[in-house]
Structures are given as structure tokens and as C-alpha cells.
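Undergrad: This is what each chain is made of:
Protein chains: 2
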Amino acid sequence: MAFSDEQLSRLALSAAFEPGDESIGGLVAEFGAIELIDRLRIESSEHDLSRFGRRWQSRDWLQDAVAELDQAADQGVEIISPGTPGWPTQLDDLHERAPLVLRKKGPLNLRQAASRSVGVVGARAATQYGIWVAEEMCAQLASEGWCVISGGAMGIDAASHRGALALAGPTVAVSAAGANLAVPASNHSLFARLFTEGAVISEVPLGANPNRRRFLVRNRVIAALAPVVVVVEAALRSGALSTMREADAMGRILCAVPGPTTSALSAGCNELIRNGGAMLVRNADDVIGEVLRASDSPECFAQSTESINLFEQRVIDLCAVRSVSVAHIAQGVGVSVDACTATLHLLERSGLVVRTVKGWRATNKAHR
Amino acid sequence: MAFSDEQLSRLALSAAFEPGDESIGGLVAEFGAIELIDRLRIESSEHDLSRFGRRWQSRDWLQDAVAELDQAADQGVEIISPGTPGWPTQLDDLHERAPLVLRKKGPLNLRQAASRSVGVVGARAATQYGIWVAEEMCAQLASEGWCVISGGAMGIDAASHRGALALAGPTVAVSAAGANLAVPASNHSLFARLFTEGAVISEVPLGANPNRRRFLVRNRVIAALAPVVVVVEAALRSGALSTMREADAMGRILCAVPGPTTSALSAGCNELIRNGGAMLVRNADDVIGEVLRASDSPECFAQSTESINLFEQRVIDLCAVRSVSVAHIAQGVGVSVDACTATLHLLERSGLVVRTVKGWRATNKAHR
Numbered sequence: 001m002a003f004s005d006e007q008l009s010r011l012a013l014s015a016a017f018e019p020g021d022e023s024i025g026g027l028v029a030e031f032g033a034i035e036l037i038d039r040l041r042i043e044s045s046e047h048d049l050s051r052f053g054r055r056w057q058s059r060d061w062l063q064d065a066v067a068e069l070d071q072a073a074d075q076g077v078e079i080i081s082p083g084t085p086g087w088p089t090q091l092d093d094l095h096e097r098a099p100l101v102l103r104k105k106g107p108l109n110l111r112q113a114a115s116r117s118v119g120v121v122g123a124r125a126a127t128q129y130g131i132w133v134a135e136e137m138c139a140q141l142a143s144e145g146w147c148v149i150s151g152g153a154m155g156i157d158a159a160s161h162r163g164a165l166a167l168a169g170p171t172v173a174v175s176a177a178g179a180n181l182a183v184p185a186s187n188h189s190l191f192a193r194l195f196t197e198g199a200v201i202s203e204v205p206l207g208a209n210p211n212r213r214r215f216l217v218r219n220r221v222i223a224a225l226a227p228v229v230v231v232v233e234a235a236l237r238s239g240a241l242s243t244m245r246e247a248d249a250m251g252r253i254l255c256a257v258p259g260p261t262t263s264a265l266s267a268g269c270n271e272l273i274r275n276g277g278a279m280l281v282r283n284a285d286d287v288i289g290e291v292l293r294a295s296d297s298p299e300c301f302a303q304s305t306e307s308i309n310l311f312e313q314r315v316i317d318l319c320a321v322r323s324v325s326v327a328h329i330a331q332g333v334g335v336s337v338d339a340c341t342a343t344l345h346l347l348e349r350s351g352l353v354v355r356t357v358k359g360w361r362a363t364n365k366a367h368r
Numbered sequence: 369m370a371f372s373d374e375q376l377s378r379l380a381l382s383a384a385f386e387p388g389d390e391s392i393g394g395l396v397a398e399f400g401a402i403e404l405i406d407r408l409r410i411e412s413s414e415h416d417l418s419r420f421g422r423r424w425q426s427r428d429w430l431q432d433a434v435a436e437l438d439q440a441a442d443q444g445v446e447i448i449s450p451g452t453p454g455w456p457t458q459l460d461d462l463h464e465r466a467p468l469v470l471r472k473k474g475p476l477n478l479r480q481a482a483s484r485s486v487g488v489v490g491a492r493a494a495t496q497y498g499i500w501v502a503e504e505m506c507a508q509l510a511s512e513g514w515c516v517i518s519g520g521a522m523g524i525d526a527a528s529h530r531g532a533l534a535l536a537g538p539t540v541a542v543s544a545a546g547a548n549l550a551v552p553a554s555n556h557s558l559f560a561r562l563f564t565e566g567a568v569i570s571e572v573p574l575g576a577n578p579n580r581r582r583f584l585v586r587n588r589v590i591a592a593l594a595p596v597v598v599v600v601e602a603a604l605r606s607g608a609l610s611t612m613r614e615a616d617a618m619g620r621i622l623c624a625v626p627g628p629t630t631s632a633l634s635a636g637c638n639e640l641i642r643n644g645g646a647m648l649v650r651n652a653d654d655v656i657g658e659v660l661r662a663s664d665s666p667e668c669f670a671q672s673t674e675s676i677n678l679f680e681q682r683v684i685d686l687c688a689v690r691s692v693s694v695a696h697i698a699q700g701v702g703v704s705v706d707a708c709t710a711t712l713h714l715l716e717r718s719g720l721v722v723r724t725v726k727g728w729r730a731t732n733k734a735h736r
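If you read the protein sequences in the order shown, they are chains A and B.
FYI, the numbering for the first sequence is 1 to 368, going by our numbering.
FYI, the numbering for the second sequence is 369 to 736, going by our numbering.
Derived from the structure by calculation, the hints contain no laboratory data.
What you are looking at is a predicted structure, and each value in this text was computed from that prediction instead of being measured.
Built from N, CA and C at the ideal position, the CB exists for glycine as well.
Among the hints, erroneous ones may be present.
From the structure, some residues in chain B lie toward chain A, with a derived Cβ separation under 10 Å [stated by the list, open to error]: (1) Trp455; (2) Tyr497; (3) Trp500; (4) Glu565; (5) Val625; (6) Pro628; (7) Thr629; (8) Thr630; (9) Ala635; (10) Asn638; (11) Asn643; (12) Met647; (13) Val649; (14) Arg650; (15) Asn651; (16) Asp654.
Some chain A residues near chain B, calculated using beta-carbon distances under 7 Å [stated by the list, open to error]: (17) Tyr129; (18) Arg212; (19) Pro258; (20) Gly259; (21) Pro260; (22) Thr261; (23) Asn270; (24) Ile273; (25) Arg274; (26) Leu280.
From the derived model, a few chain A residues whose C-beta atoms are all more than 12 Å from chain B [said to hold, decoys possible]: (27) Gly76; (28) Glu136; (29) Leu310.
Extracted from the complex, chain A is given alone in its bound form:
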């Protein structure tokens, strides 16, 4: 894989400095990674640079980055950064807080998966109710071609990935540890499946351990990747709610699963619904319905021709020759009419299908 000096410099900077640091992100945006490293090499009088310079000069980070590249190649880990084909442009919504690079272990094309995805978050110490809802919702999302993005943690995260994998659906874990590690260890078998059938992505170097800060800043990546984020179970003042706040700040669609008012683990969800911070959703259909309603708001999606997934291609194929009804297409791809309509609206916005008197038809652009 051709890897530019700029990308190698980003990889080195991402190891030297903790992820989500706006100052470093701002400096990379201002100077580019290569020039920033040149400036960090010399003792500088500028306050910010001298602070970061000491850290940079404490170690040969570029040599470490070269070693990580080798390790990545050995372990089938892909390094993704802005400009590489797999980079999901939704991450640009994080501006200075966007990851400098991502390490990805697993076959899934992250950019394609993220273009039609749902972020699912929730408590680690989830109840059986939450676990059941997350599994069921994510299995249904998977069956309708939506990628489930979660955090790979115990509880709701693990149930969400499991639900998607159960129906061979795409799913991505955004890890706070190195992308080649199974953390927490209790999710070892889940990570084994994500490595071979989905993807584990991370901003921190291969082999790196997570810490409290890394768990927190990881949340912003989940929030950025998906156009919609669902919280299944969450206590008041929980990590899951902080993810929802991140998602809200980026204009994502927020959904929450209600629960008993007697359950502390539904308190965060019920509170969000009550104060208008999230839409009440009961299942995948409701979530897809929210996307459908919002599909006229272009900022929620960064759909482009190159990011069509297999599901969307099947939808296009079904209306490639002549105009057909939504019901016909839905039956052909085996999803609900609502889900199919949502997909058609997305494809319409990309100019790949058009509405006709008889239903929908693929455009010339789709035939290229």
C-alpha cells in the first residue's frame, strides 16, 4: 500500500499525542502533519508548540510509526486517513477533533458501511431488557442493510454487534484500545468475529491500552460516523449520554428506547425523550422511519456514487430496466416498504434513482 509522508506523519502524531486534542488537530489543519513535525523538532518559543515540542522530542515517533506500519501489514490492519479511499468524510464534522488516522482490523469498507449506518450506544451494566432490545433492533437493522456502529464494550455494545452479526450484517466497533486487541477480554469471541466479518477501528496505536480519557473521546467517533444514534439503556450522567450530546452537536438524528420509570438504566433514555432531546424508538423500523423523515435534510448524509453498498445496488438493479413500485422493490430485496423507501430517498438524492408515475427507476448515472 502506497503510504505518503503526510500519512506517516499523521500516524506518528497520533501516537505521540492523545486523540481528540483540539490543539494538535488545529495545528495539523494549519501546517499539515509534515510541517508541524518540522516545527516540533526545533525548540520553539510559541507557547503551544513548545509544550508539544517537549513531548515530540522525548521519543523517535516517526521510527515508531514505521514500525507500526510493518506491524499493521503483518496483522492485516489497514491505516486510514483523510485522503485514503476508505476515510469516512462524516468524520470531518469533528473538525479539529477529528481523528488524525484510524487503524482498522476487519474486512468491512468503513466509508461504505458508515454511509448507511446506525450508531447504537448504551450501558455496560445493561439489563436483560436492554440486551434483548439491542440484539433485536440490530438484527433487524442488519437484515435491512444498515451497518451497526458501537463501542465493542460489554452490555448494550456487545448485544448490538451480536445482533448484527447474527444476521451476517455489517458492524463496526470503535475501540478505545488498539484495533488489534480484544478489549474487554470478556468480549474475546465477539472481537474474533468483528476481525473476520466486520471491523474494529481505533485512533490509538496498535497494542495500546485504553484509559478513561480514551473511552470518553472514542464516543465522539461513534457519534460522527453514523447519521443517527440510538441509546438503548443509559443511566443519568452516563457515557452513553455524552455520546448523544456529541451526536447532537453534529446535527445527528437522536433516538432513545424508552423503559420502565423504575429502572435506573432507563432513566437517561426517558429523560432524553422527555426533554425533547431524542425521539422515542421501539425498534429498527422506528429508527429507519426517523432517517426517512430526516432524509430531506442533506447535512445528515454524505452519500456519493462510490459509497453504494450491495443492498443499494440490489435496489438499483430492481428498477434498472423499467419503473417499478416501492412494494415490488421491497419484496425483491426482502425488506419493509418503509426501509425500502428510505433507501430510495437516499439514492434519489444521489441522483441514482428518480420518482416516476409508476414508482421508481434507476437513472443513467446509476448505470455507469
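Once you've looked at the hints, dock chain B against the given chain A.
TA: Relative to the frame of chain A, chain B by itself:
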């Protein structure tokens, strides 16, 4: 008790014709009860009158009404009709569908109780979760001086009345049977307490049995009496939801308790919250909060000086001598600041308290 001919005529008409009949209500509004009976006595060519005339002429309803008056006196049952002091004017919002009269058994002043009340509805076949929430919510409402109005049925209704009675709070059952009967029989001990500590009210004659139609039209009375109606547990297409629709049509505040998406008995509640038909509430504080938010909408309340309850009197007493803070009053009466503020707003609208720099102070009107 002085009982006018008009009231006796209404009592007779209410026995001859099923409650909630718009045609009869319209005719009473047009002619008055006495003149309507005069017209029903003669064979009339007017379509509506001839239909009702046959029913009227089938029996000596006025004699029955006199007998019911005697029975009411024997059993301590009060007959309330428009114009009598205990008539809650909120019922006028039902227009032609307003009850012609109400029979009331129990010590509670209905007009006073309704002026600061919460309607609580829900499934007969409630879950333990719903029962617990209803009891807890209604106990708290009672402790803060709110009357709980429900239907006297099993499940959520019974739990609501029990919760209120547990804290010696005011509570009213709107029965589909005669007000002197305990229906269903399984709620016998509950009705015994309502007869002596609260009130059972009904539109149908003493001793009358309920039927499907009477259960349905009873719901509109619950919806009309309270400024806010809470559904605790309800299946889709349930009687509780029909009460909510009645309440909505009258501009009442609608609240719903969320529940697991896996519970059929929370499906109606979750659906209402999801489609914006009701506000999510978790407890009595949330319900009171909704009233507080809506308290600038005067149509929700028909508060008048005569309908001050003991709780409100205690609030007034605490700020009778000098201006005091809400926190001070709340502590004095033993309720939350939110609940106390709600009460103060209601009293302010009645001109009984005013806001001052230092908090609140009772007006001269309150000292009368």
C-alpha cells in the same frame, strides 16, 4: 335539599336515556328539561322527538326520579346538576355530551376536588410495573394536594385510588354503574373507602348496572373533570387511549408513563409519546411540572375562590403576614418547590397571592 323541578326533570331524563347522547343533550340545551318533557309527552311529528317520545311514554320516569331522590336521601347520595353548588364547570366542556346530572356517594366536594385534580387511566389487566407506578404517582399527588380521578376499575384505576387513599388524599371514582354500587365486586373494599373518604360519581341511576356503552361514555367524564390526564399502562386500541382522545379533544394536558417496548401494555403509552400525543412523565413531579408549564393557559382551570382546598389554604396562610420565598412555603407545607410553585401560580391567577420582590404574599382577597 331544595331540588328544583328542572333538576328533577333532568334526573328523570338521565334515567330514561343513555348518558352521552348528544341529541338528548342538545334538546335539553334548547328547551330546558321541563319543556323537553312536556314535548316528549305528546305524540310529535318531529323526527327526533317522536323517537325519544316513544321511550319517554313507555314509563313514568318522573315518578322513578322522585323514588330515586328518596333512595338517594336514604343512602347519603347527593344529586349534582348544573346550577347546584357542587357542579364542576369543567363538565360544560362536553357541551351536548355533558352529563344531565351526577349521583355522588362520598364526602368529597366534587367541584373543589376537580379544580386541582389529575385524571389517571390505564389497563385493567395491568402489570406489576404499572400498578407500582400508579400507586406511587397517586400517593405523591395526594401528598401534594391533588385529587386523583379514575374509573374505579381493576388494575391501574384501583391502584390509583389506593395510592391516593394511602396518603389520605382526595380521590374520585367515575363509575359506569350506579354510584351506590361497588362495581366490579372485587373492588368492594376499595369502594367502601371511596364511599366514606372520597367519592363515587355516576351518570346512571342508583342501582343501575354498567354495560359496554356505559363504560365507554364514562371515559369522557374522567377526561372532562381533570385539567391533566395521565395514562399509566395501555395497550394499542384500548379504552384508556379513547379517554386520552376525549381529553385531547377538550384541550386537556396529556401525559403518558413510558414502559418497556417489549410490553404490550406499554405499547399504547409509548405510541402516544412517540407521535407527540402525550408528554412522557415518570412521576407526580413530572405531571405537576406539566401543569406548571401550562398554567399560563387559563382554559385549563376554572379556579375560583370558593374552591380553595386545605392544601391551598395552608399555602396562603404561610404567606399571609409577609412576603416569603417559595422554598419557605414549600418547606412549610412539606412539598417540592415545583409543586408549591404550581399551586402559587394557580392562586395567583385567582388573585389570592401576588409575586413580590421577596417571594409571594397573600392578597386582601385571600383574607376575606
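Undergrad: Does each hint fit the structure? Answer for all of them.
TA: Cross-check of the supplied hints:
1. Trp455: violated, 36 Å
2. Tyr497: Cβ of Tyr497(B) sits 5 Å from chain A, so the hint holds.
3. Trp500: holds, 7 Å
4. Glu565: It is violated, given that the least Cβ distance between Glu565(B) and chain A is near 28 Å, above 10 Å.
5. Val625: OK, holds: Val625(B) within 10 Å of chain A, min 6 Å.
6. Pro628: holds, 5 Å
7. Thr629: holds, 4 Å
8. Thr630: Cβ of Thr630(B) sits 6 Å from chain A, so the hint holds.
9. Ala635: holds, 8 Å
10. Asn638: holds, 6 Å
11. Asn643: holds, 9 Å
12. Met647: holds, 7 Å
13. Val649: holds, 8 Å
14. Arg650: Hint holds; Arg650(B) Cβ to chain A Cβ min 4 Å, cut 10 Å.
15. Asn651: holds, 7 Å
16. Asp654: Constraint on Asp654(B) satisfied, holds at 7 Å.
17. Tyr129: holds, 5 Å
18. Arg212: violated, 30 Å
19. Pro258: holds, 4 Å
20. Gly259: holds, 6 Å
21. Pro260: Status holds, d = 5 Å.
22. Thr261: Result: holds, 4 Å to nearest chain B Cβ.
23. Asn270: holds, 6 Å
24. Ile273: Constraint on Ile273(A) satisfied, holds at 5 Å.
25. Arg274: Holds - the Cβ of Arg274(A) comes within 7 Å of chain B, reaching about 4 Å at its closest.
26. Leu280: holds, 4 Å
27. Gly76: Answer for Gly76(A): holds, closest chain B Cβ roughly 39 Å.
28. Glu136: At about 9 Å from chain B, Glu136(A) fails to clear the 12 Å cut-off, so the statement is violated.
29. Leu310: Leu310(A) is indeed farther than 12 Å from all Cβ atoms of chain B, at 30 Å.
Of the numbered hints stated above, those contradicted by the structure are hints 1, 4, 18, 28, listed in ascending order.
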